[in-house]
Amino acid sequence: MKKSKLLSLAIVAVSFGFSGFGLGSQAMADVNPPLAALGPPPVPHDNPQTPEKVELGKLLFFDSRIGGDASVSCADCHMPKQGWGFNDPISRGYPGVIHWRNSQTVINAAYLGKLFWVGAAKSLEAQAPGAALGGVSGNGERDMVEARLAFIPEYVKRFNQVFGDDWPKVNNVWKAMAAYERTLIHKDTPFDKYMRGDKKALSNQQMRGLNLFKGKANCVECHNGPLLTDQKYYNLGVPRAEEWSESGLAQITFRYEQYAKGVTEELYRKIKDDAGLYYRTKQKSDMGKFRTPPLRYTAYTAPFMHNGSFFDFDEVIEFYNNGGGSNDFTDGVMAKNKTPLLKKLGLSDQEKADLAAFLESLSGAEIKMSTPKLPPYAPLPAAANVN
Amino acid sequence: MKRTVSSKIPWLAAFAVGAAVVASPVLAADFGPVPTVKVDAKKAALGKRLFSDPRLSGDAAISCSTCHVPQKGFSDGLALAKAYPGSDGFRNTPTLINAAQKAAWFHDGRIGTNLNDVTRESITETYSMNMDMRLMQERIKQDPIYVKMFKDAGYGEPSNGSIRKAIPEYLKTLTSRGAPFDTGKMSDAAQRGFELFKGKAGCSECHSGPRFSDDAPHNIGVPENPEIWSNPARHITYVAFSMFMGIENYMNIRRDVGAHIRTHKSDGSDIGKFMTPTLRELTFTGPYMHNGVIKTLDDVVDFYNRGGGRDPNKDPRVKSLGLSKDERANLVAFLKSLSGDPLTGPEHVWKDKINVNYAAIENWLKQRN
Numbered sequence: 036m037k038k039s040k041l042l043s044l045a046i047v048a049v050s051f052g053f054s055g056f057g058l059g060s061q062a063m064a065d066v067n068p069p070l071a072a073l074g075p076p077p078v079p080h081d082n083p084q085t086p087e088k089v090e091l092g093k094l095l096f097f098d099s100r101i102g103g104d105a106s107v108s109c110a111d112c113h114m115p116k117q118g119w120g121f122n123d124p125i126s127r128g129y130p131g132v133i134h135w136r137n138s139q140t141v142i143n144a145a146y147l148g149k150l151f152w153v154g155a156a157k158s159l160e161a162q163a164p165g166a167a168l169g170g171v172s173g174n175g176e177r178d179m180v181e182a183r184l185a186f187i188p189e190y191v192k193r194f195n196q197v198f199g200d201d202w203p204k205v206n207n208v209w210k211a212m213a214a215y216e217r218t219l220i221h222k223d224t225p226f227d228k229y230m231r232g233d234k235k236a237l238s239n240q241q242m243r244g245l246n247l248f249k250g251k252a253n254c255v256e257c258h259n260g261p262l263l264t265d266q267k268y269y270n271l272g273v274p275r276a277e278e279w280s281e282s283g284l285a286q287i288t289f290r291y292e293q294y295a296k297g298v299t300e301e302l303y304r305k306i307k308d309d310a311g312l313y314y315r316t317k318q319k320s321d322m323g324k325f326r327t328p329p330l331r332y333t334a335y336t337a338p339f340m341h342n343g344s345f346f347d348f349d350e351v352i353e354f355y356n357n358g359g360g361s362n363d364f365t366d367g368v369m370a371k372n373k374t375p376l377l378k379k380l381g382l383s384d385q386e387k388a389d390l391a392a393f394l395e396s397l398s399g400a401e402i403k404m405s406t407p408k409l410p411p412y413a414p415l416p417a418a419a420n421v422n
Numbered sequence: 002m003k004r005t006v007s008s009k010i011p012w013l014a015a016f017a018v019g020a021a022v023v024a025s026p027v028l029a030a031d032f033g034p035v036p037t038v039k040v041d042a043k044k045a046a047l048g049k050r051l052f053s054d055p056r057l058s059g060d061a062a063i064s065c066s067t068c069h070v071p072q073k074g075f076s077d078g079l080a081l082a083k084a085y086p087g088s089d090g091f092r093n094t095p096t097l098i099n100a101a102q103k104a105a106w107f108h109d110g111r112i113g114t115n116l117n118d119v120t121r122e123s124i125t126e127t128y129s130m131n132m133d134m135r136l137m138q139e140r141i142k143q144d145p146i147y148v149k150m151f152k153d154a155g156y157g158e159p160s161n162g163s164i165r166k167a168i169p170e171y172l173k174t175l176t177s178r179g180a181p182f183d184t185g186k187m188s189d190a191a192q193r194g195f196e197l198f199k200g201k202a203g204c205s206e207c208h209s210g211p212r213f214s215d216d217a218p219h220n221i222g223v224p225e226n227p228e229i230w231s232n233p234a235r236h237i238t239y240v241a242f243s244m245f246m247g248i249e250n251y252m253n254i255r256r257d258v259g260a261h262i263r264t265h266k267s268d269g270s271d272i273g274k275f276m277t278p279t280l281r282e283l284t285f286t287g288p289y290m291h292n293g294v295i296k297t298l299d300d301v302v303d304f305y306n307r308g309g310g311r312d313p314n315k316d317p318r319v320k321s322l323g324l325s326k327d328e329r330a331n332l333v334a335f336l337k338s339l340s341g342d343p344l345t346g347p348e349h350v351w352k353d354k355i356n357v358n359y360a361a362i363e364n365w366l367k368q369r370n
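Which chain is which? The protein sequence lines are A and B, in order. For what it's worth, my numbering labels the leading residue of the first sequence as 36, then goes sequentially. For what it's worth, my numbering labels the leading residue of the second sequence as 2, then goes sequentially.
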């Protein structure tokens, strides 16, 4: 009981803001949730963690038979060796296409209230099918996934043990994957140690960076709480992805996304950048807004921003030092939504280096994992034919 | 999904032919040749290119012509078809020659409307081409050759709707021609085979009309192809198909239920019915039957001579024929006389290399999408 109460508190803390505290962080600048060490990730009551479920989820995470042509798994865009993301600005996507946004790390995704760059999924259990079945990501299909799993005896056995399924059920694939992802967490970074009282965990330079983060640079305005994100949506004026102008493949996906997300034909014709939160809300005031990303594990997850525009911390810091940037949704071409929170910061070179040093403290040791050996297909036993 | 028998299908006449032992010249005319279909040349040319373009499949690995190979009578020469990568097929690829004139498509006849729907089904189905048509449209729009062809064909901007019109327009051009049966150059053996076909062998009971098909499903007791049930890649596809089609008990059955998916009779009496295939172009399209279990035309004729296979639902008209060796040879000669000129020239096959890479649209920021 006590444990679950703590968990609900954690959930409240994590999802702080989006609905209940939506008055604008400017007015409430002094009540930003404090930076803090990470606790255990929240676990939904309808998908409790068990070691067997986690183990099954791990196999499925690496199993390309979930994808449409059985050649891509979760781990192909969320690669353990690439920060559990993908180190190109735009993720590789399904064979024959390219994705249209940067692949986010899976590490600590378990703490997020909503997933994807504009919060399109409300849980890990909902994110997994979105990615596995999406046209430019896994391009899988539910019935085919279920059919394939039924021919892998090891999965039949494990789904039965974990979920009681006679035959593996596709919705339990997502549950197992989510359970596995709830183990892909990192809460013992130098920053966490510092927050738990080890004052030597941060170097002097990192301490100066932390003070800038909370003070002069005011990063904490949005990057706050234990995850270093308020999980709200802002338009910073991140420049459009270069791919749109340079790659035919990217242009195809860009138009496909407009079509698939149901924008008006008028907008489809003229839009030239990712309108972000707009696709969910269809509110012009949400154009170009993306969720504040967590800053944890970022030492391994470059490039940064929803479209991978920036290749390292220095470029990101320079961007903020200049008061952000401009795009079609800030300069009035499509909308004028740039957040007023961004102002020129006037940071010295030393201060920029200090901030970068602090960001390094949010990552800790790399989480490595090798691809598990996957169980093979086998024919089903002969059975009585009907009539 | 009961199909309506189209008035252009002379099945009544064909039935009469089957019943009458001696063919009259008037009724024999019902057998052929296959009438040509009027097509819009520009739309058909566009469809021809789309037909052989792998970008119409989800991972851009296969085109329509991967399975419908022009040199193999728009079939593939395999017992069981390939499928979208990651899967394998569980049925024999049917020829597309004269397919525009069918009344229902696929071996189970599950599409009984038009080629537009057949095209949609083939392109979008998970185990065939697994294509999201919205993505397909944007791919096609990225190719300047297509942009021009669609415009010239009167379709305006490329769209998934017009893709599904252009491919059927092309399929309408695939009409049999030059078969000895049509040109009057049948051998004597083939002539004698034709008489058996209409008479003693009773083939024309179902194989009637210019395409030699009544466009209806029948159970002739074709044995199961064990390859489907021993190869997970094929059996998986059948299981996924079963889920789509609402086949009961799909994890336990080890047989292709065929046209049962159209009628779902609770007594199962419709299980194992498959559409009567055309007999045109058979020399290019073996192996035979819905699951390719019969390799040669001689074997097909032997199969019927034995009275088909074993099945409680077998059509009672399929029974031992008592054909002599010569009679069987004559029937085979007749069947071979129904194959015409290969449709492999530029009129029917897109010959230019298709550049499947996508050039970036220049000056993209200034162009309307």
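Treat the hints as calculated values from the structure; they're not laboratory data. One or more hints might be untrue.
[Unchecked claim] Subject to a maximum C-alpha distance of 20 Å in a straight line, what follows is the list of computed EDC-like cross-link-like pairs (lysine to aspartate or glutamate):
| id | chain 1 | residue 1 | chain 2 | residue 2 |
| --- | --- | --- | --- | --- |
| 1 | B | K326 | B | E196 |
| 2 | A | K379 | A | E401 |
| 3 | A | K305 | B | E158 |
| 4 | B | K186 | B | D31 |
| 5 | B | K367 | A | D366 |
| 6 | B | K367 | A | E300 |
| 7 | B | K367 | A | E281 |
| 8 | B | K367 | A | E301 |
| 9 | B | K83 | A | D178 |
| 10 | B | K367 | A | D178 |
| 11 | A | K204 | B | E249 |
| 12 | B | K201 | B | D189 |
| 13 | A | K204 | A | E300 |
| 14 | B | K149 | B | D300 |
| 15 | A | K204 | A | D178 |
| 16 | B | K337 | B | D299 |
| 17 | B | K367 | A | E353 |
| 18 | A | K305 | B | E363 |
| 19 | B | K326 | B | D353 |
| 20 | B | K173 | B | D183 |
| 21 | A | K307 | B | E363 |
| 22 | B | K83 | B | E126 |
Structure versus earlier hints, numbers of those that do not hold, lowest first: Violated hints (numbers, rising): 2, 10, 13, 14, 17, 19; every other hint is consistent with the structure.
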